[in-house]
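**Q** Chain order of the listed sequences is Z and C. Last residue of the first sequence? That's 414 in this note's numbering, and every number before it is there in order. Last residue of the second sequence? That's 828 in this note's numbering, and every number before it is there in order.
It is possible that part of the hints are untrue.
Stated by the list, open to error - Which chain Z residues face chain C? A few, computed with CB under 10 Å, are given here:
no. : residue
1   : Phe91
2   : Leu145
3   : Ala160
4   : Leu163
5   : Pro177
6   : Ser179
7   : Met188
8   : Met315
9   : Val326
10  : Phe329
11  : Gln330
12  : Ile412
13  : Thr413
Unchecked claim - Each computed DMTMM-like pair below joins lysine to aspartate or glutamate, with the alpha-carbon atoms no more than 25 Å apart:
no. : chain 1 : residue 1 : chain 2 : residue 2
14  : Z       : Lys114    : C       : Asp563
15  : Z       : Lys106    : C       : Glu562
16  : Z       : Lys106    : C       : Glu807
17  : C       : Lys701    : C       : Glu649
18  : C       : Lys528    : Z       : Asp357
19  : Z       : Lys381    : Z       : Glu393
20  : C       : Lys804    : C       : Asp673
21  : Z       : Lys114    : C       : Glu562
22  : C       : Lys508    : Z       : Asp149
23  : C       : Lys590    : Z       : Asp129
24  : C       : Lys520    : Z       : Glu148
25  : Z       : Lys94     : C       : Asp673
26  : Z       : Lys176    : C       : Asp581
27  : Z       : Lys94     : C       : Asp581
28  : C       : Lys508    : Z       : Glu219
29  : Z       : Lys126    : Z       : Glu310
30  : C       : Lys508    : Z       : Glu148
31  : C       : Lys590    : Z       : Glu219
32  : Z       : Lys94     : C       : Asp563
33  : C       : Lys795    : C       : Glu633
34  : C       : Lys528    : Z       : Glu148
35  : Z       : Lys176    : C       : Glu649
36  : C       : Lys590    : Z       : Glu197
37  : C       : Lys520    : Z       : Asp167
38  : Z       : Lys106    : C       : Asp563
39  : Z       : Lys176    : C       : Glu633
40  : C       : Lys520    : Z       : Glu164
It is worth saying that the hints were derived from the structure and are not from the lab. The beta carbon of each residue, even a glycine, is placed where N, CA and C say it ideally should be.
Number of protein chains: 2
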Amino acid sequence: MNTSMEQLSAFQRKEMERQYALYANGVNEIIPALELKQKIAKSLLKKKPLKVKLGLDPSAPDVHIGHTVVLQKLKQFQQNGHIIQLIVGDFTGKIGDPTGKSAARKQLTDEEVKHNAQTYVEQFGKVLDMKKVELHYNSQWLRLLNFEDVIRLAGSITVARLLERNDFSQRITTGKPISLHEFFYPLMQGYDSVVLESDIELGGTDQHFNVLMGRQLQEHYQKEKQAVILLPLLEGLDGVDKMSKSKGNYIGIHDKPNDMFGKTMSIPDEVIPKYIDLATDFDLEKKKLLKEDLKSGRLHPRDAKIMIGENFVTMFHGRKASESAVHHFQQVFQNRKLPEDIPTMVWQKAPKIPIVDLIVELELLPSKSEARKMIQNGGIKLNGEKVVNKSLEIEIKNDTIIQVGKRKFLKITL
Amino acid sequence: MNTSMEQLSAFQRKEMERQYALYANGVNEIIPALELKQKIAKSLLKKKPLKVKLGLDPSAPDVHIGHTVVLQKLKQFQQNGHIIQLIVGDFTGKIGDPTGKSAARKQLTDEEVKHNAQTYVEQFGKVLDMKKVELHYNSQWLRLLNFEDVIRLAGSITVARLLERNDFSQRITTGKPISLHEFFYPLMQGYDSVVLESDIELGGTDQHFNVLMGRQLQEHYQKEKQAVILLPLLEGLDGVDKMSKSKGNYIGIHDKPNDMFGKTMSIPDEVIPKYIDLATDFDLEKKKLLKEDLKSGRLHPRDAKIMIGENFVTMFHGRKASESAVHHFQQVFQNRKLPEDIPTMVWQKAPKIPIVDLIVELELLPSKSEARKMIQNGGIKLNGEKVVNKSLEIEIKNDTIIQVGKRKFLKITL
């Protein structure tokens, strides 16, 4: 395969490098980078699209912006003519948890699996062209394996290797039981790559072990090994934890336009470049420019966030909804006149402080619990933006304006 | 099931106790003893035979007296009307070793499996009434399991439990790889008990983990749990190591009558009671008497060995061959006159010594390698019995006579 690179024309080589830079942008790791380049080269030479795989949990979640990171990456491949293979892991879903211990793994019926897959198709359709996507159910091939096939599959891996997986090794260390059947989940995911002859598999960094299993199994079954692209996990609105529904720090793709935009405006400045790279569908050039301008100060963080928010709302609700969301935001938040007589106080303590502590320190409210309640009721604003995260930690900058309720304002200087 | 015991008539209770004592004689462990009693009780009450299982490796060995220990135990069950289930583990045999690393697990064809099973039938027929034995091939049910069934099977056990098995834990400790498929061998054996609803499984002490797996799986599949009888491993002619073909310390059931008898005469006195209990088919009463008389000195060890040897030869070659073997032995060994002028020397070193060291110490031969060669050629005798084991360690007793070749004799006194 090494020769692929040498056979490329100058034009093809440039195209290969362009695609590679696009796919590599924003990712956490490519295993191995050279093989990805070779695969792109081969695809150009043979005019054969690459098969890019993503495995899906069959228990259909409400998709949020955190999930779209991998979809944006798939979109880049799709826009360059490659084939997206979405695999619904319905085989595990249909089995459920044979030990009956995991409530999360409840047994799904065929109808539930189909329904869940349909919700994926609908939601993913906002990012990907689903007409061109291959949708597979892995029960199609996994249910055909007999005991002998399973023994051959199991013969491809050692127990020690499986115990290297983070959650397994932690459970062994802490004495928590691992049921033997759990060892098969990564093997199933890997076997999917064998059957579908995937060239590339995408996954979050938390999928490191599972997606590498595909490489190992393809080798065992004497197929060409897939390259693996690991994507970072996107932080939620708090800028700290991974975006997730359970943490409440998410932007759902079903959020109403105004909420989606407002939430986007509340992300901390530090994560703006990551949101640009991972969650928008700006082209690579634009992403670079935005990040540069942001860094140099030519672009105000607020304006960057407006662009990201517009991008999100356009993607999930259309251009018209996006324009109206921007308008609404400016009306309600930006254009709202501040009182002229805001009291000012000088902050002399450490600038990093949880928002609820700050409110109590400034004697704006008598207790942290009241501060939390007020946040929950949407009554706290920071520089005109509603605070939604009760455990938000802020870094106080000069002229920070904090608003409690309708009328209580305070300006902090350093 | 507890009530079974209470429902027994006085006569049935006595019969239950008689059978239990018979089955428990000579064994290493019964897990659990109470359940075995309850099973016998239930069988008497319901007039339903027990199903007694033995798993067989499909790579057909030449059966030796060491293997017959478990057959003798099965024979006791058979003589009391219970059903013997022999399971040829042909499923594993047909798969071989998917990693290709274990030369021992070569893939067998259907013909080889059938042929090997036939040799079992022929050989076991010397001990058991094969017409009444159930012969099963576990590929019959194991090949029908699909991936989902295997997941359910694997869900019955934890990785930690599997790693408790001696050879697995040793390999983890020493960093030697365990391929995942190996975890399934004990599960397959256990699943056989589920399918066959075995009441009892027999195995050597080295099968402790595997036979207990049957209990665990039966419970998982909501069947009545089998009781387990673990039998000691019989020492070979050296009285030290487990009898095995590779060690050369075995009495094969295909050995010619005179060899079989002669080898039996060469076992060390210490293991005579174990041979009586485990390898002969004397009834329980006779076994007890022989052991008592041996202990009290009423029975000379040599005479006990003659009885054991007669029993073996009768079992495997018939009564006539047995009589002729005894006659031959007495002719050649016992009746042979010793020279009157045997030189005597007093032994002052430690009495336990390997035979080859002793020969060199006594300057009967110039080197250990010559001593070994002489043993190989059948030229060394100890108290008139041919030494066959080159690594035999002996305990020198007063008046031990050692003979090298035809004419060299030495008497050792302490």
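**Q** Each hint needs a verdict: does it hold in this structure or not?
**A** Going down the list of hints, with the structure as the test:
{"no.": "1", "hint": "Phe91", "in the structure": "holds, 7 Å"}
{"no.": "2", "hint": "Leu145", "in the structure": "holds, 4 Å"}
{"no.": "3", "hint": "Ala160", "in the structure": "holds, 6 Å"}
{"no.": "4", "hint": "Leu163", "in the structure": "holds, 8 Å"}
{"no.": "5", "hint": "Pro177", "in the structure": "holds, 4 Å"}
{"no.": "6", "hint": "Ser179", "in the structure": "holds, 5 Å"}
{"no.": "7", "hint": "Met188", "in the structure": "holds, 8 Å"}
{"no.": "8", "hint": "Met315", "in the structure": "violated, 39 Å"}
{"no.": "9", "hint": "Val326", "in the structure": "violated, 51 Å"}
{"no.": "10", "hint": "Phe329", "in the structure": "violated, 51 Å"}
{"no.": "11", "hint": "Gln330", "in the structure": "violated, 56 Å"}
{"no.": "12", "hint": "Ile412", "in the structure": "violated, 56 Å"}
{"no.": "13", "hint": "Thr413", "in the structure": "violated, 60 Å"}
{"no.": "14", "hint": "Z/Lys114 to C/Asp563", "in the structure": "holds, 23 Å"}
{"no.": "15", "hint": "Z/Lys106 to C/Glu562", "in the structure": "holds, 15 Å"}
{"no.": "16", "hint": "Z/Lys106 to C/Glu807", "in the structure": "violated, 63 Å"}
{"no.": "17", "hint": "C/Lys701 to C/Glu649", "in the structure": "holds, 18 Å"}
{"no.": "18", "hint": "C/Lys528 to Z/Asp357", "in the structure": "violated, 80 Å"}
{"no.": "19", "hint": "Z/Lys381 to Z/Glu393", "in the structure": "holds, 14 Å"}
{"no.": "20", "hint": "C/Lys804 to C/Asp673", "in the structure": "holds, 17 Å"}
{"no.": "21", "hint": "Z/Lys114 to C/Glu562", "in the structure": "holds, 19 Å"}
{"no.": "22", "hint": "C/Lys508 to Z/Asp149", "in the structure": "holds, 12 Å"}
{"no.": "23", "hint": "C/Lys590 to Z/Asp129", "in the structure": "violated, 49 Å"}
{"no.": "24", "hint": "C/Lys520 to Z/Glu148", "in the structure": "holds, 15 Å"}
{"no.": "25", "hint": "Z/Lys94 to C/Asp673", "in the structure": "violated, 62 Å"}
{"no.": "26", "hint": "Z/Lys176 to C/Asp581", "in the structure": "holds, 22 Å"}
{"no.": "27", "hint": "Z/Lys94 to C/Asp581", "in the structure": "violated, 35 Å"}
{"no.": "28", "hint": "C/Lys508 to Z/Glu219", "in the structure": "holds, 24 Å"}
{"no.": "29", "hint": "Z/Lys126 to Z/Glu310", "in the structure": "holds, 15 Å"}
{"no.": "30", "hint": "C/Lys508 to Z/Glu148", "in the structure": "holds, 9 Å"}
{"no.": "31", "hint": "C/Lys590 to Z/Glu219", "in the structure": "holds, 22 Å"}
{"no.": "32", "hint": "Z/Lys94 to C/Asp563", "in the structure": "holds, 12 Å"}
{"no.": "33", "hint": "C/Lys795 to C/Glu633", "in the structure": "violated, 56 Å"}
{"no.": "34", "hint": "C/Lys528 to Z/Glu148", "in the structure": "holds, 19 Å"}
{"no.": "35", "hint": "Z/Lys176 to C/Glu649", "in the structure": "violated, 41 Å"}
{"no.": "36", "hint": "C/Lys590 to Z/Glu197", "in the structure": "violated, 32 Å"}
{"no.": "37", "hint": "C/Lys520 to Z/Asp167", "in the structure": "violated, 35 Å"}
{"no.": "38", "hint": "Z/Lys106 to C/Asp563", "in the structure": "holds, 17 Å"}
{"no.": "39", "hint": "Z/Lys176 to C/Glu633", "in the structure": "holds, 22 Å"}
{"no.": "40", "hint": "C/Lys520 to Z/Glu164", "in the structure": "violated, 30 Å"}
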